[in-house]
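Residue numbers (the numbering used here), protein chains in the order written: chain U, 214 to 446; chain A, 214 to 446.
Simulated from the structure, these hints should not be mistaken for laboratory data.
Be aware that one or more of the hints could be misleading.
Sample of chain U residues facing chain A (criterion: CB under 8 Å; computed from the structure) [as the list claims (entries may be wrong)]:
1. L217
2. S220
3. E239
4. E253
5. L344
6. M347
7. F376
8. P378
9. A391
10. F405
11. V430
12. E434
Covered stretches of chain U (chain A as the covering partner; in silico rule of three or more C-beta atoms under 8 Å from a C-beta of chain A) [stated by the list, open to error]:
13. 289-298
14. 315-323
15. 356-369
Simulated coverage check for chain U against chain A, where a stretch passes if three residues somewhere in it have a Cβ under 8 Å from a Cβ of chain A [as the list claims (entries may be wrong)]:
16. 332-342
17. 380-387
18. 407-416
Keep in mind it's a predicted model, so treat the numbers as computed, not measured.
Note that beta-carbon positions come from the ideal geometry of N, C-alpha and C, so glycine has one too.
Chain residues, written in single-letter form:
Number of protein chains: 2
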Amino acid sequence: MSDLHYSSSPQFSETERTAVYRAINERRDMRHFAGGQVPEDVLLRLLRAAHHAPSVGMMQPWRFIRVQSRPMRERIHALIEQERQRTAEALGERKDEFMKLKVQGVLDAAEVLVITMPPGREAHVFGRRTLPEMDIASAACAVQNMWLAARAENLGLGWVSLFDPEALARLLQMPKGAHPLGVLCLGPVQAFYAEPMLQQEKWARRMPLQDMLMDEVWAQESSLDASALHTSK
Amino acid sequence: MSDLHYSSSPQFSETERTAVYRAINERRDMRHFAGGQVPEDVLLRLLRAAHHAPSVGMMQPWRFIRVQSRPMRERIHALIEQERQRTAEALGERKDEFMKLKVQGVLDAAEVLVITMPPGREAHVFGRRTLPEMDIASAACAVQNMWLAARAENLGLGWVSLFDPEALARLLQMPKGAHPLGVLCLGPVQAFYAEPMLQQEKWARRMPLQDMLMDEVWAQESSLDASALHTSK
Numbered sequence: 214m215s216d217l218h219y220s221s222s223p224q225f226s227e228t229e230r231t232a233v234y235r236a237i238n239e240r241r242d243m244r245h246f247a248g249g250q251v252p253e254d255v256l257l258r259l260l261r262a263a264h265h266a267p268s269v270g271m272m273q274p275w276r277f278i279r280v281q282s283r284p285m286r287e288r289i290h291a292l293i294e295q296e297r298q299r300t301a302e303a304l305g306e307r308k309d310e311f312m313k314l315k316v317q318g319v320l321d322a323a324e325v326l327v328i329t330m331p332p333g334r335e336a337h338v339f340g341r342r343t344l345p346e347m348d349i350a351s352a353a354c355a356v357q358n359m360w361l362a363a364r365a366e367n368l369g370l371g372w373v374s375l376f377d378p379e380a381l382a383r384l385l386q387m388p389k390g391a392h393p394l395g396v397l398c399l400g401p402v403q404a405f406y407a408e409p410m411l412q413q414e415k416w417a418r419r420m421p422l423q424d425m426l427m428d429e430v431w432a433q434e435s436s437l438d439a440s441a442l443h444t445s446k
Numbered sequence: 214m215s216d217l218h219y220s221s222s223p224q225f226s227e228t229e230r231t232a233v234y235r236a237i238n239e240r241r242d243m244r245h246f247a248g249g250q251v252p253e254d255v256l257l258r259l260l261r262a263a264h265h266a267p268s269v270g271m272m273q274p275w276r277f278i279r280v281q282s283r284p285m286r287e288r289i290h291a292l293i294e295q296e297r298q299r300t301a302e303a304l305g306e307r308k309d310e311f312m313k314l315k316v317q318g319v320l321d322a323a324e325v326l327v328i329t330m331p332p333g334r335e336a337h338v339f340g341r342r343t344l345p346e347m348d349i350a351s352a353a354c355a356v357q358n359m360w361l362a363a364r365a366e367n368l369g370l371g372w373v374s375l376f377d378p379e380a381l382a383r384l385l386q387m388p389k390g391a392h393p394l395g396v397l398c399l400g401p402v403q404a405f406y407a408e409p410m411l412q413q414e415k416w417a418r419r420m421p422l423q424d425m426l427m428d429e430v431w432a433q434e435s436s437l438d439a440s441a442l443h444t445s446k
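Please construct the entire structure, taking both the sequences and the accompanying hints into account.
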């Protein structure tokens with residue numbers, strides 16, 4: 214371990230820190246897009262941000278398929294609509310409420326990127342022997358990087374997971390063992406939601422931070438006082 | 214959908230955007246910590262950043278158990294050491310190389326936070342009917358938010374997934390159905406690795422971005438030119 218090199222970057226300034234928190238606080242799962250375009254250099258910066266995510270054993274379990282053709286987008290949209298209906302049925306009493314939440318991004322967003330895990334996950338044991346789902350966690354970190362970078366580029370991103378992964382894999386001619394995790398809709402938006410859309414639509418509310426925290430063991434309340442934190446969106 | 218409120222925040226400036234990319238590029242999975250402390254207000258800011266992650270159907274599937282006591286940390290460390298040995302055996306020819314990579318953060322880091330999913334995931338159907346792993350993806354986004362915020366606070370974070378989740382759940386007295394996803398080591402570091410530690414240790418290398426990208430379908434090479442992107446860490 215003696216041959217590690219260290220960064221000589223300066224400390225993050227207060228201004229830089231504030232910008233990072235701003236991206237975290239103002240990132241939204243967008244469902245309304247304004248068409249337009251994402252310049253290729255911006256798109257590449259966002260993909261590069263995704264590719265700088267952490268991954269278990271550095272396995273980098275993410276690939277991105279950019280879908281531009283209208284016919285292919287319509288087929289993806291149809292898969293999503295099919296799953297929306299099935300999810301609505303499965304939700305039972307919240308069915309009508311759920312069906313009001315449209316998923317239009319696939320047709321309207323400037324860019325559609327399908328994130329998928331490549332085949333071969335079983336070859337990666339490092340950090341996954343007991344937690345095989347860690348490759349999914351890594352791919353999710355890649356999306357989160359892209360999401361925050363998109364917000365900083367003043368672009369909206371929505372992560373759609375309403376689809377049958379096997380059907381989407383077939384549609385995009387993926388090899389056996391590949392596993393799509395999301396249809397990412399990306400592009401200019403007229404504005405960002407002031408709060409998470411599902412909160413505005415009264416589907417759910419952000420829980421109090423205090424309720425997320427415990428000390429030492431599950432049942433012990435946290436001695437941290439989250440109410441001391443200044444409130445914000 | 215007519216009652217959505219929109220944010221009136223100004224556009225992100227070039228300076229803010231650069232800061233977000235800096236956090237993304239300079240975040241590291243840290244294994245070397247310098248002891249010390251994390252002030253409670255900073256710790257709460259980081260936890261709040263995690264809690265501002267996206268989650269499927271806004272289910273917020275993350276809880277954080279802060280472990281301060283030395284005996285409990287030693288028990289967690291013992292679980293990790295046990296799994297390190299088992300992973301090394303499973304790796305076969307890369308065993309010796311793997312065993313050189315120490316995992317000391319649990320004993321040395323200022324803070325240890327165990328992230329776990331709470332029981333009850335099966336009640337959440339929204340966005341999970343066909344992709345049940347989406348709650349894991351959401352929890353991973355929470356960690357990534359905290360990781361980037363920690364970097365902006367000039368603090369290191371390491372995500373350890375080398376443990377038997379059932380044994381860790383028992384140790385921390387979690388209820389049936391809870392599922393720990395990581396032992397997060399957090400705190401001051403002497404410096405950040407200049408590159409990912411596993412790359413410096415020659416375990417793996419970051420793959421070319423171009424190889425991550427495709428157009429329309431799996432087999433079609435991307436028409437984007439990632440080599441046009443300015444290189445960086």
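Results of checking the hints against the structure:
no., hint, in the structure
1, L217, "holds, 5 Å"
2, S220, "holds, 5 Å"
3, E239, "holds, 6 Å"
4, E253, "holds, 6 Å"
5, L344, "holds, 5 Å"
6, M347, "holds, 5 Å"
7, F376, "holds, 7 Å"
8, P378, "holds, 6 Å"
9, A391, "holds, 7 Å"
10, F405, "holds, 5 Å"
11, V430, "holds, 4 Å"
12, E434, "violated, 11 Å"
13, 289-298, "violated (count 1)"
14, 315-323, "violated (count 1)"
15, 356-369, "holds (count 10)"
16, 332-342, "holds (count 5)"
17, 380-387, "holds (count 3)"
18, 407-416, "holds (count 9)"
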